[in-house]
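Novice: Fit chain B to the supplied structure of chain A, relying on the hints for placement.
There are 2 protein chains.
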Amino acid sequence: MKGNTVFFNSAPAVASAAAVGGKMEGDGPMSACFDEINEDPFFSCDTFEQGESRLLREAVLRALDKGSLKKEQIDVILGGDLLDQCVGTTYGIRDLDIPYLGIYGACSTVTEGLLLSSLFVDGGYASRALAVTSSHFCAAERQYRFPLNYGGQRTPTSQYTATAAGALVVSAERLPPYVRAATVGKVVDMGVTDAANMGAAMAPAAYSSIKRFLADTGLRPDFFDAIVTGDLGKVGSRLLCELFERDGIDIRSLHRDCGTMLYSFEEQDVHAGASGAGCAASMLCGFFVPKLRSGEFKNILFAATGALLSPTVNAQGESIPSISHAVWLSYETGTVPDIRFKGRRLS
Amino acid sequence: MKGNTVFFNSAPAVASAAAVGGKMEGDGPMSACFDEINEDPFFSCDTFEQGESRLLREAVLRALDKGSLKKEQIDVILGGDLLDQCVGTTYGIRDLDIPYLGIYGACSTVTEGLLLSSLFVDGGYASRALAVTSSHFCAAERQYRFPLNYGGQRTPTSQYTATAAGALVVSAERLPPYVRAATVGKVVDMGVTDAANMGAAMAPAAYSSIKRFLADTGLRPDFFDAIVTGDLGKVGSRLLCELFERDGIDIRSLHRDCGTMLYSFEEQDVHAGASGAGCAASMLCGFFVPKLRSGEFKNILFAATGALLSPTVNAQGESIPSISHAVWLSYETGTVPDIRFKGRRLS
Numbered sequence: 032m033k034g035n036t037v038f039f040n041s042a043p044a045v046a047s048a049a050a051v052g053g054k055m056e057g058d059g060p061m062s063a064c065f066d067e068i069n070e071d072p073f074f075s076c077d078t079f080e081q082g083e084s085r086l087l088r089e090a091v092l093r094a095l096d097k098g099s100l101k102k103e104q105i106d107v108i109l110g111g112d113l114l115d116q117c118v119g120t121t122y123g124i125r126d127l128d129i130p131y132l133g134i135y136g137a138c139s140t141v142t143e144g145l146l147l148s149s150l151f152v153d154g155g156y157a158s159r160a161l162a163v164t165s166s167h168f169c170a171a172e173r174q175y176r177f178p179l180n181y182g183g184q185r186t187p188t189s190q191y192t193a194t195a196a197g198a199l200v201v202s203a204e205r206l207p208p209y210v211r212a213a214t215v216g217k218v219v220d221m222g223v224t225d226a227a228n229m230g231a232a233m234a235p236a237a238y239s240s241i242k243r244f245l246a247d248t249g250l251r252p253d254f255f256d257a258i259v260t261g262d263l264g265k266v267g268s269r270l271l272c273e274l275f276e277r278d279g280i281d282i283r284s285l286h287r288d289c290g291t292m293l294y295s296f297e298e299q300d301v302h303a304g305a306s307g308a309g310c311a312a313s314m315l316c317g318f319f320v321p322k323l324r325s326g327e328f329k330n331i332l333f334a335a336t337g338a339l340l341s342p343t344v345n346a347q348g349e350s351i352p353s354i355s356h357a358v359w360l361s362y363e364t365g366t367v368p369d370i371r372f373k374g375r376r377l378s
Numbered sequence: 032m033k034g035n036t037v038f039f040n041s042a043p044a045v046a047s048a049a050a051v052g053g054k055m056e057g058d059g060p061m062s063a064c065f066d067e068i069n070e071d072p073f074f075s076c077d078t079f080e081q082g083e084s085r086l087l088r089e090a091v092l093r094a095l096d097k098g099s100l101k102k103e104q105i106d107v108i109l110g111g112d113l114l115d116q117c118v119g120t121t122y123g124i125r126d127l128d129i130p131y132l133g134i135y136g137a138c139s140t141v142t143e144g145l146l147l148s149s150l151f152v153d154g155g156y157a158s159r160a161l162a163v164t165s166s167h168f169c170a171a172e173r174q175y176r177f178p179l180n181y182g183g184q185r186t187p188t189s190q191y192t193a194t195a196a197g198a199l200v201v202s203a204e205r206l207p208p209y210v211r212a213a214t215v216g217k218v219v220d221m222g223v224t225d226a227a228n229m230g231a232a233m234a235p236a237a238y239s240s241i242k243r244f245l246a247d248t249g250l251r252p253d254f255f256d257a258i259v260t261g262d263l264g265k266v267g268s269r270l271l272c273e274l275f276e277r278d279g280i281d282i283r284s285l286h287r288d289c290g291t292m293l294y295s296f297e298e299q300d301v302h303a304g305a306s307g308a309g310c311a312a313s314m315l316c317g318f319f320v321p322k323l324r325s326g327e328f329k330n331i332l333f334a335a336t337g338a339l340l341s342p343t344v345n346a347q348g349e350s351i352p353s354i355s356h357a358v359w360l361s362y363e364t365g366t367v368p369d370i371r372f373k374g375r376r377l378s
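Protein chains in written order, with my numbering: chain A, 32 to 378; chain B, 32 to 378.
Same shape as in the complex, but just chain A (with noise of 0.2 Å):
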């Protein structure tokens, strides 16, 4: 670690990546990149907690094919997801008999899991690692808000969960895109209690990991052709750019958010954009990893956003403490000091 921020030498790759979703999600402007869209909220399912455990299988599934993987070449899958104790993850990936280490990112869990896949595949622990992360609106609104048949209104500054699911390959073969390094997220905590105002609480987070990757890497903002966050949604994505103006960077041409992308504003009733773990998931594994794959895009800063909040915790007055884990996707690998610098330094 410099600083913050691992750095992987041997670039490993995501070798095969993955995007289930849900109807929304196929009626959105981003249908195209799911490689499979389901519409029927349970997934076959009797719950939605079940429906949301075979829509993470089927992501997993679906990565595995598209990488022509059998299920034995993966050493470790990292996943985890929204519901109370992942069940979404245990239940999804119960009987595919790989070793599984269980994680908790919030929304930001997709790039915890590629983050710690590179570790073992860089490290040489692994030959493959899998990352996979979910999240479905019909349980997380049982969960964390109220139950849908209650038809409780949503705020302007809410956010609508994904029916999503991505999962992605890493491996140490050689096909873009490949993980250059990552800064592991802190927790941070400006004080917002507002649960129908996730953007606000996560907004900081991915200010500071982002901000600390620069620093870390002596990288500059617009090395990057995006410095993508996960689920900041409208609110979120403009107090991050506002936070980088403080520092006198302008990072709004650059910006992209999932959950800005993910549904229509103008068409779909999410008010201020995407959220869930599945959001920045499908995203990353859908749009960003082909653009990588193809050349299309050269290098992303990828900072999902996750916040650490419990519906418990959140009823008794707490503040919700957020975090991001932001990774470095490349076309190219390379070591850092081989980048030819551009652009403004950052201070």
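For the record, the hints were derived by calculation from the structure and aren't laboratory data.
Hints are all accurate, no fakes.
Remember, identical chains collapse to one label, so a pair may be satisfied in a single copy or spanning two.
When the alpha-carbon atoms are kept at most 16 Å apart in a straight line, the in silico EDC-like pairs for lysine to aspartate or glutamate are as follows:
id	residue 1	residue 2
1	K54	E67
2	K33	E103
3	K242	D128
4	K97	E204
5	K242	D281
Specialist: Frame of chain A; chain B shown alone:
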């Protein structure tokens, strides 16, 4: 990885370890293993959940103190707990300003944290990594079973969730115990649906991981001074020994279970024993690490065990998937072929 087992060739050390407990733990036979006993179930906070965060935070600070470490010297914390969304940990470490990766393995969390911390240090990614977990009887009862005020009667197979936390620092120092290898657990579900019989649900997971560890390393059970499980309790411990007996292997004289060690069956009303992520963590940090440090134990295989259910899916009729990660801790360093194998070979 060989099979499902990661070998740590540099043998990272558990440089510091601390355990903090509550009143029941202080009244039990293991009270001397705790660095601090706090008899207030609220830990001077307003709610049980905040109390658990305080408990976990205290374990982190004690581990730092015992290792004469400042928090700036920790590169990454790997932690999680049993509360929904792991809020015991996220709120507990919120103000520490240390990079954090959330993990979830239910009561197996301490071995997952130890495994990943060892990976960070052995791979050269971190100088020091800290693993931490906790559980809290009152918070767990409310979340998983009934609020205490309800006065529900507990069944004979039920276990008593420990109010305890354990934290340990892994570093490259030359100071026993060393982490030599670890087997990543697979999700195992033998169809047990009784959430008041976690021992029965978890025993097959411990069996699976211990057996794979022995197969992958070529070590024999009696190479170890103790084969330790996390919190199988009376019921699960008996089942584990019976499962090995089917293979013609008697581990009874070697087997220790933290769930049967923490409390006095005679003097404390704990039914089948102790459970909770803090049970295995506090016994590892407060009992086994000191004995390995002094050389009283030369080698132990520590397999904490976790039940990966949630109350929601259990109420939906689902059975209980379980997991166990097994870590080999040793007074000595060296590579596996140096070991003089002894005892009967595992077939």
